[in-house]
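Q: The lines below spell out each chain.
2 protein chains.
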Amino acid sequence: MSTLNVQLGDRSYPIYIESGVLNNGALLNRHIKGKQVIVVSNTTVAPLFMERLCASLDPALQVSQVLLPDGEEHKTLAVLEQIFDRALQDNHNRSTTVLALGGGVVGDMAGFAAASYQRGVNFLQIPTTLLAQVDSSVGGKTGVNHPLGKNMIGAFYQPQAVFIDPDVLDTLPPREYAAGLAEVIKYGLICDPAFYEWLQHHRDDFVARDKTVLGEAIKRSCAAKARVVAEDEREGGVRAILNLGHTFGHAIEAAQGYGSWLHGEAVSAGMVLAARLSVNQGWITDAEVARLVQWLEAMSLPTAPPDNMSVDTWTEHMLRDKKVIDGRLRLVLLEQIGKACIVDDLPQAELEAFVATFSPV
Amino acid sequence: MSTLNVQLGDRSYPIYIESGVLNNGALLNRHIKGKQVIVVSNTTVAPLFMERLCASLDPALQVSQVLLPDGEEHKTLAVLEQIFDRALQDNHNRSTTVLALGGGVVGDMAGFAAASYQRGVNFLQIPTTLLAQVDSSVGGKTGVNHPLGKNMIGAFYQPQAVFIDPDVLDTLPPREYAAGLAEVIKYGLICDPAFYEWLQHHRDDFVARDKTVLGEAIKRSCAAKARVVAEDEREGGVRAILNLGHTFGHAIEAAQGYGSWLHGEAVSAGMVLAARLSVNQGWITDAEVARLVQWLEAMSLPTAPPDNMSVDTWTEHMLRDKKVIDGRLRLVLLEQIGKACIVDDLPQAELEAFVATFSPV
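Which chain is which? The protein sequence lines are Y and C, in order. Residues 1 to 361 in UniProt numbering are what the first sequence spells out, letter by letter. Residues 1 to 361 in UniProt numbering are what the second sequence spells out, letter by letter.
Quick caveat, the hints were computed from the structure, so don't treat them as lab data. Everything numeric in this text was worked out from a predicted model, so none of it was measured. Treat the hints with caution; some may be incorrect.
What the hints assert, rightly or not - To list a few chain Y residues with every Cβ distance to chain C over 12 Å, as calculated:
1. T43
2. G327
3. E335
As the list claims (entries may be wrong) - Derived contacts from chain Y toward chain C, CB cut-off under 8 Å, selection only:
4. G120
5. G143
6. L148
7. M152
8. I153
9. R209
Claimed, not checked - If you want the ones that stay clear, here's a sample from chain Y, every Cβ over 10 Å from chain C, calculated:
10. N23
11. D58
12. Q65
13. L77
14. A115
15. R227
16. Q256
17. G257
18. R276
19. A287
20. R291
21. M299
22. A304
23. D344
24. E352
Virtual Cβ for every residue (Gly too), placed ideally from N, Cα, C.
Using the sequences plus the hints, can you model the full thing?
A: Structure, rendered in structure tokens:
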């Protein structure tokens, strides 16, 4: 078993990475403080893993289950309320533990529910998608979408532990698997050139879902995220680099309707756009972008945005981004491959001219 | 002007108490950090004060207004969403400031919106009811109700400043005024016997709404609350004493339907119940309860619960209280007048026998 630590003072917590951790009752139960647990999952994941998880939990615990509908389009305040309904119907009190069993949507919603139920209860994460394992389960960002913007309502709320079981990825559908890899290569691009080279080198292993390579990628991704989050928990500065591709990506997700593009797919296309804009600044080369595109294409990820978004649609969504401060858009670009930077002085006209190049006339 | 400080490390903040503070633009604007403000108020309060407030704000600010419907029955997730809708429609970003202008319901909802919008933005409070001035605007408890329990969904989120203008109470309806006084005498009962005696001494001044006496009561109440909150921000221990009368009170509010009894009215009846239960423990005397009842009656506050609540209704609502930990109800009782204590070992049978004495057969 590998154990990483997210260093956040009195909110520090371990990330356990272990094959079969779902069956490790001793470890799981050690992190449950009270006598009650609410397992939040969804209708796709629960049939696969809920029984095994519940068999690992201490039989003395009162366990409630909440199964959310599957998909980003259900990451709403209205669906969140189902968690509160169940918690109250079953008389869960302030010492209860919310346990997220699922992908990014389940983790974000369960985490926001844990942050808000009785103003904050215990929270554990068992991510079951690659994207959740390498990204969304670590770092404490929780929340739901609003029709006008992604993740606009939420809280910074750290879990007390994250349990990552690479074995659960065996049942992950190809699109979900690829979407997670977009976030994996993101870490290489923003802060770890050696990891980027390693990922390029193992391209075929990722296509073949080689377990050893995948386990190593999960570890290095979590370690990168933990480092950045420890430095800047509430995204006052450097943490923003984790959003490479996300400003473009969120605009794609919102404009296409949540659930149409997977988050990781939108991030994949968004990273290519950020890379192209970095070329325009003279920072990286066309050849470097082509190499990135090749890798993403090998994983069957989109490398261009949809062709139905007007310049107005792009700017409308991007100006609602959380990274906009006092009307100024902050974009994450690449100073070089392996080093991201935050740009807040790109002229509006330049950005509009850029998105116009892939918008319908 | 009086200034109190709530001492919470890097989340410390001032409470300004001043006649006409609504017109003190220099002070208000000094606490607004970005270029955008969302004023959250309700349809009753806004016609009285919104114009004056907006005239005090820096004209360079982008100001959005959200007017909620008035009343505890509207303190819901669905109504909360109206704040997010407006914030996003008007492109408010992470450096915006949410300003609550209203009573406890407005403050709780605006505060939870500030805590959750883009995972947390700036927050200022201008409480316009006595109850909000002496209690709910100070201490960082924010949230909304659930049909199954009061304040069950929310966050601990401190404002950056609280501005209290005693002059705004001139227009406060008698029921709202009395409801605030219930929380005022609570501070005397739980932690300040000298204040309790002073309140008893000035009983007729409160009936007459004497401004000097009222100003002094606001100051002493805020100081008491600030002391307790500084000691225990997240209610791990001593802060629970602020809930004297609230376990019974919340059950009354929920069972009667939110908005039927005002919060302060339910707390008034609830404090009398807590006092009677304290007599049963042999801690205070019937004569002391009678004196409390007399004072509350002089303020036209209820001193007994409604007569339509069965033992099952009582216990069902009380066992959902946030102060229940692992099935054990924690009640705030009075060891003596001026000193509260937390009791978590009252036998369930004794509590049921107690509520049975005022339940219908």
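Q: Confirm or reject each hint.
A: Hint check:
For Y:T43, the shortest C-beta to C-beta distance to chain C comes to about 23 Å, beyond the 12 Å cut-off, and the non-interface label holds. With a minimum CB-CB distance of about 8 Å to chain C, Y:G327 fails to clear the 12 Å threshold, and the non-interface call is violated. Every CB of chain C lies more than 12 Å from the CB of Y:E335, the least distance being 24 Å, so the non-interface label holds. About 7 Å separates the beta-carbon of Y:G120 from the nearest beta-carbon of chain C, less than 8 Å, and the hint is met.
For Y:G143, the shortest C-beta to C-beta distance to chain C is roughly 6 Å, which falls under 8 Å, so the interface hint holds. Look at Y:L148: its Cβ gets to within about 4 Å of chain C, closer than 8 Å, so that hint holds up. Proximity of Y:M152 to chain C holds as hinted, the smallest CB-CB distance being about 6 Å (cut-off 8 Å). Hint status for Y:I153 relative to chain C: holds, with the closest Cβ pair at about 5 Å, below 8 Å.
Of the supplied interface hints, the one on Y:R209 is violated, with its beta-carbon coming no nearer than about 34 Å to a beta-carbon of chain C, more than 8 Å. With a least beta-carbon separation of about 27 Å from chain C, Y:N23 lies farther than 10 Å from that chain, consistent with its non-interface assignment. At roughly 14 Å, the least C-beta separation between Y:D58 and chain C is larger than 10 Å, which holds for a residue marked as non-interface. For Y:Q65, the condition that its CB be more than 10 Å from all CB atoms of chain C holds, with the nearest at approximately 18 Å.
At roughly 6 Å, the least C-beta separation between Y:L77 and chain C is not larger than 10 Å, which violates its mark as non-interface. Remark: the non-interface label on Y:A115 conflicts with the geometry, its nearest Cβ contact in chain C lying 7 Å away (cut-off 10 Å). A cut-off of 10 Å between C-beta atoms confirms that Y:R227 is not in contact with chain C; the least separation is 21 Å. No beta-carbon of chain C comes within 10 Å of the beta-carbon of Y:Q256; the shortest separation is about 18 Å.
Even its closest Cβ contact with chain C, about 17 Å, leaves Y:G257 beyond 10 Å, as expected for a residue assigned away from the interface. Non-interface status of Y:R276 relative to chain C is upheld: no Cβ of that chain comes within 10 Å, the nearest being about 26 Å off. No beta-carbon of chain C comes within 10 Å of the beta-carbon of Y:A287; the shortest separation is about 37 Å. Against the 10 Å criterion, Y:R291 stays outside the reach of chain C, whose nearest CB is about 35 Å from its own CB.
Separation of Y:M299 from chain C is adequate, the least Cβ-Cβ distance of about 30 Å exceeding the 10 Å criterion. The Cβ of Y:A304 sits about 27 Å from the closest Cβ of chain C, beyond the 10 Å cut-off, so the non-interface label holds. A cut-off of 10 Å between C-beta atoms confirms that Y:D344 is not in contact with chain C; the least separation is 12 Å. For Y:E352, the shortest C-beta to C-beta distance to chain C comes to about 17 Å, beyond the 10 Å cut-off, and the non-interface label holds.
In summary, the structure is inconsistent with hints 2, 9, 13 and 14 from the numbered list given earlier, while agreeing with the others.
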